[in-house]
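2 protein chains.
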Amino acid sequence: MKNFRGIVFDLYGTLYNVQSVAGICDQAYPGKGAAMAQLWRQKQLEYTWLRSLMERYVNFETVTDDALRFTCAALELPLEEDMARVLADQYLRLEPHPDTTDALHRLKDAGIPLAIISNGSHKSIAHVVNHSGMGWAFDELISAEDVQVFKPHPKMYELAERRMGHAREHILYVSANGWDASAASLAGYPVCWINRNLGPFDVLGATPMVATEDLGAMADWVLE
Amino acid sequence: MKNFRGIVFDLYGTLYNVQSVAGICDQAYPGKGAAMAQLWRQKQLEYTWLRSLMERYVNFETVTDDALRFTCAALELPLEEDMARVLADQYLRLEPHPDTTDALHRLKDAGIPLAIISNGSHKSIAHVVNHSGMGWAFDELISAEDVQVFKPHPKMYELAERRMGHAREHILYVSANGWDASAASLAGYPVCWINRNLGPFDVLGATPMVATEDLGAMADWVLE
Numbered sequence: 000m001k002n003f004r005g006i007v008f009d010l011y012g013t014l015y016n017v018q019s020v021a022g023i024c025d026q027a028y029p030g031k032g033a034a035m036a037q038l039w040r041q042k043q044l045e046y047t048w049l050r051s052l053m054e055r056y057v058n059f060e061t062v063t064d065d066a067l068r069f070t071c072a073a074l075e076l077p078l079e080e081d082m083a084r085v086l087a088d089q090y091l092r093l094e095p096h097p098d099t100t101d102a103l104h105r106l107k108d109a110g111i112p113l114a115i116i117s118n119g120s121h122k123s124i125a126h127v128v129n130h131s132g133m134g135w136a137f138d139e140l141i142s143a144e145d146v147q148v149f150k151p152h153p154k155m156y157e158l159a160e161r162r163m164g165h166a167r168e169h170i171l172y173v174s175a176n177g178w179d180a181s182a183a184s185l186a187g188y189p190v191c192w193i194n195r196n197l198g199p200f201d202v203l204g205a206t207p208m209v210a211t212e213d214l215g216a217m218a219d220w221v222l223e
Numbered sequence: 000m001k002n003f004r005g006i007v008f009d010l011y012g013t014l015y016n017v018q019s020v021a022g023i024c025d026q027a028y029p030g031k032g033a034a035m036a037q038l039w040r041q042k043q044l045e046y047t048w049l050r051s052l053m054e055r056y057v058n059f060e061t062v063t064d065d066a067l068r069f070t071c072a073a074l075e076l077p078l079e080e081d082m083a084r085v086l087a088d089q090y091l092r093l094e095p096h097p098d099t100t101d102a103l104h105r106l107k108d109a110g111i112p113l114a115i116i117s118n119g120s121h122k123s124i125a126h127v128v129n130h131s132g133m134g135w136a137f138d139e140l141i142s143a144e145d146v147q148v149f150k151p152h153p154k155m156y157e158l159a160e161r162r163m164g165h166a167r168e169h170i171l172y173v174s175a176n177g178w179d180a181s182a183a184s185l186a187g188y189p190v191c192w193i194n195r196n197l198g199p200f201d202v203l204g205a206t207p208m209v210a211t212e213d214l215g216a217m218a219d220w221v222l223e
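Protein sequences appear in the order of chains A and B.
Residue numbers for the first sequence, in numbering that gives the first Met the number 0: 0 to 223.
Residue numbers for the second sequence, in numbering that gives the first Met the number 0: 0 to 223.
Some clues are possibly wrong.
Said to hold, decoys possible - Derived contacts from chain A toward chain B, CB cut-off under 10 Å, selection only: (1) G5; (2) R40; (3) L44; (4) M53; (5) F69; (6) A72; (7) V146; (8) F149; (9) P153; (10) E157; (11) E160; (12) G164; (13) R195; (14) D201; (15) V209.
If you're looking for bench data, these hints aren't it; they were derived computationally from the structure.
This one's a predicted model, so the numbers in the text were calculated from it and none came from an experiment.
Glycine residues also receive a C-beta, built at the ideal position from the N, C-alpha and C atoms.
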């Protein structure tokens with residue numbers, strides 16, 4: 000077994016499937032669900048980066064709501080307030096990826112402290128975790144709210160170390176987002192990049208320690 | 000005529016057409032040019048934001064090259080070094096938008112100092128401007144190189160004011176990039192957003208002073 004003192008996981012896209020909002024989008028706008036979920040996620044990410052760079056932090060729910068409004072306007076879909084609420088709330092009910100639960104069980108059983116580090120607010124993170132019945136898994140839920148800036152700002156990677164109570168070189172950082180995996184690597188963490196789509200790694204001057212196709216293979220690697 | 004002491008223009012996408020690299024991309028990879036140019040630009044932008052947030056600045060040519068490598072890998076297109084050079088150099092030979100030259104002539108004739116403020120390096124900006132024969136237009140060419148961080152970091156908007164020698168409220172900021180127009184507005188500039196595609200404005204907590212469909216209509220508004 001690898002000698003990590005803890006494992007921190009990214010939430011959106013890594014443990015939980017951001018494309019799981021496509022279903023309700025498709026109910027609201029038949030035939031548009033997949034395109035809408037994709038643009039919504041793209042703009043959500045962009046707005047976290049832009050807000051952070053502009054030094055104009057707002058919480059993740061606000062960014063998600065703003066990204067939804069842009070997405071509907073860009074796709075020329077009418078968006079009433081009630082519908083905006085229903086759709087945005089879906090981000091509080093994301094489904095875990097199929098490989099998430101079993102991998103976390105195995106790592107937890109091995110006695111490794113597990114945590115989430117996310118751009119989500121405390122409320123969002125807690126809601127997503129509790130809604131999916133995964134509260135048992137995590138020792139720490141770490142939110143961008145505490146530093147008022149989103150990943151990949153260095154403050155987020157400092158926060159993980161502080162909250163885990165161990166030097167970063169002893170904490171495995173797990174993310175399916177190439178840019179997040181890059182930033183964590185550059186910040187000094189050993190990193191496992193979850194490459195579910197078998198795509199290329201972002202070209203940002205970093206290489207992950209290891210890349211696996213899913214969380215199951217990541218757990219295998221940690222436990223072997 | 001509006002009483003601006005100067006006008007600063009964004010370069011990529013505002014004065015010059017970033018889609019003008021699609022032609023050479025299509026020669027290199029027939030049928031793939033448009034998709035490639037689009038993803039390349041998207042990743043180029045993302046990498047400027049991510050590099051800035053990670054506090055890992057590299058110059059714009061490096062970001063452009065990195066984004067090209069990711070794009071070809073993602074689209075499963077082989078990329079040899081010679082081809083990478085040819086394609087990346089195309090970003091030094093961008094075509095002005097059809098409405099650029101006439102609008103700049105009219106504003107210049109009215110005696111208004113004109114400038115470019117760009118994420119490009121000094122070398123990139125000078126090359127693009129000279130290659131298109133537009134050197135006559137600009138009093139200042141302002142580069143992110145001088146602050147070692149890209150837009151929309153506040154340092155870029157401070158730099159424009161400093162280089163123009165006037166308080167920002169007297170300088171018109173012109174950009175076709177909604178996120179750049181947003182950041183300039185939030186930073187305190189009067190902003191004209193060039194909305195060539197008649198799309199929605201980014202939802203980042205700002206509104207431009209005015210939006211026009213092209214640079215000609217912008218010049219009309221300034222000169223009226």
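Requested in this report: Please name the hints from earlier in the document that this structure breaks, with their numbers sorted from lowest to highest.
Outcome: As far as the earlier hints go, 1, 2, 7, 10, 11, 12, 13, 15 are violated by this structure, in ascending order.
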